[in-house]
Amino acid sequence: MTTAVPTDRERTAVQAYLRLLHTVRAALDLRPDPPGVPGPPMVPPSVLAEAETALARAGLAGNEEAFFRMVRDWHPEP
Numbered sequence: 004m005t006t007a008v009p010t011d012r013e014r015t016a017v018q019a020y021l022r023l024l025h026t027v028r029a030a031l032d033l034r035p036d037p038p039g040v041p042g043p044p045m046v047p048p049s050v051l052a053e054a055e056t057a058l059a060r061a062g063l064a065g066n067e068e069a070f071f072r073m074v075r076d077w078h079p080e081p
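Under our numbering, the first residue of the sequence shown is numbered 4, with each subsequent residue one higher.
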């Protein structure tokens, strides 16, 4: 099995995606609003923009198999 070394832009995209993912998880864990009551935006626009920019610079859409393989390699679930 050949392992490709991710480019700097790919690593940056994976890191930005993981920050976005952790931000969303934290917001869901800490959200005090009752179900059905809208709260503040879940993800700060700057975090989302960072992930979108990093993905675009790496030539990734964030939904392709190769990208998720990089995410799993970088941060495997326990």
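The set of hints was computed from the structure by calculation and includes no laboratory data.
In this text, all values refer to a predicted model and were calculated from it rather than measured experimentally.
For each residue, glycine too, the CB sits at the ideal point set by N, CA and C.
Heads up, some of the hints might be wrong.
Restraint ranges, calculated between C-beta atoms of paired labels, are given here [to be verified]:
#1 THR10 / LEU51: 20 to 26 Å
#2 LEU51 / ARG12: 16 to 22 Å
#3 GLU55 / ALA29: 27 to 33 Å
#4 ARG12 / VAL50: 27 to 33 Å
#5 LEU21 / GLY62: 17 to 23 Å
#6 PHE71 / THR26: 24 to 30 Å
#7 GLU67 / VAL8: 16 to 22 Å
- Task: May I ask which of the numbered hints given earlier this structure violates, with the numbers listed in increasing order?
- Result: The structure conflicts with hints 3, 4 and 6, although it agrees with all the remaining ones.
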